[in-house]
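**Q** Residues per chain, in single letters:
Number of protein chains: 2
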Amino acid sequence: MKNSNETKIVGEAGKQEIIITREFEAPRELVFKAYTDPELLKQWLGPRGYQMQVEKFDARSGGEYRYIHVGKNGEEYAFRGVFHEINAPERAIQTFEFEGAKGHVSLETARFETLPDNRTRVTTLSVFQSIADRDMMLRSNMESGVTEGHERLDELFEQGLVN
Amino acid sequence: MKNSNETKIVGEAGKQEIIITREFEAPRELVFKAYTDPELLKQWLGPRGYQMQVEKFDARSGGEYRYIHVGKNGEEYAFRGVFHEINAPERAIQTFEFEGAKGHVSLETARFETLPDNRTRVTTLSVFQSIADRDMMLRSNMESGVTEGHERLDELFEQGLVN
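One line per chain: the protein sequences are X and Z, in this order.
So the first sequence is residues 2 to 164, counted in our numbering.
So the second sequence is residues 2 to 164, counted in our numbering.
Any given hint could turn out to be false.
Identical copies carry no separate label here, and so any pair may be met within one copy or between two of them.
Distance condition first, Cα-Cα at most 30 Å in a straight line; then the derived DSSO-like pairs of lysine-lysine [unchecked claim]: (1) Lys9 with Lys43; (2) Lys16 with Lys73; (3) Lys73 with Lys103; (4) Lys73 with Lys34.
The set of hints was computed from the structure by calculation and includes no laboratory data.
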């Protein structure tokens, strides 16, 4: 995509949260679907160059998920959590844990807003158990991975692969 | 109990968390059980004068819970969440939502530490989606309810009802 929308990642000093905002050139129902359908999710979530294996993704209130990002040299990064609420197409609330840092868990609230011209804004709030945990996440190179993931999702929309 | 242990509730200004610390005159396995067995939990959680109805309490990683506190005049307060991790007898991580304020969800991490003389310290960290949500919780009279609940749990231990 030539003029991709900006991924804004804000981690205010002294707070234990990160807020990520991104607009997409697609209607809310499809954006929500891309975030909650594992067959779509594994085509865009995370940086390029990784293969995403979804072991479990039961996207309903009370469901669980677990997936693994596998790098080119076979290195694995596993993530898991539970869905507190899946309220299509408005809101998804879930826990998130990188299994390499067990016990360090965050709570993610994603809100999907309809904008004019069939566009959508997604705002994801992540709250952490401490400022130190939040800072660890900010230092983990998540910024490029998140941004690249959003660009990959743009491409799915452009190619008409989400419907 | 004549000399009950103190329930410490700390909500530091400008932070979106509450930390509750309490010691109990019982070994860690039994304290953990009292926190995660619904038959025990409904005998102590919350203030006196309420009846606790447990609709669901599947205390395992990936399980769900829902319970209702019913007051003397029949008023009902329902709560629900999911268990991210149940790691007996050390740690429990779960989401928490008062259904009267839907979408306002916190993440609770309870740590159970063994102290000398078969005593136990429980430290519960709750992180909220915002400082406003955290402040709403602090203003909700939760302090007396939490403290009274802990005193009721002391009584269960004294009467040998947790084993």
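**Q** Of all the hints given earlier, name the ones this structure violates by number, lowest first.
**A** When the structure is compared with the hints, only number 2 turns out to be violated.
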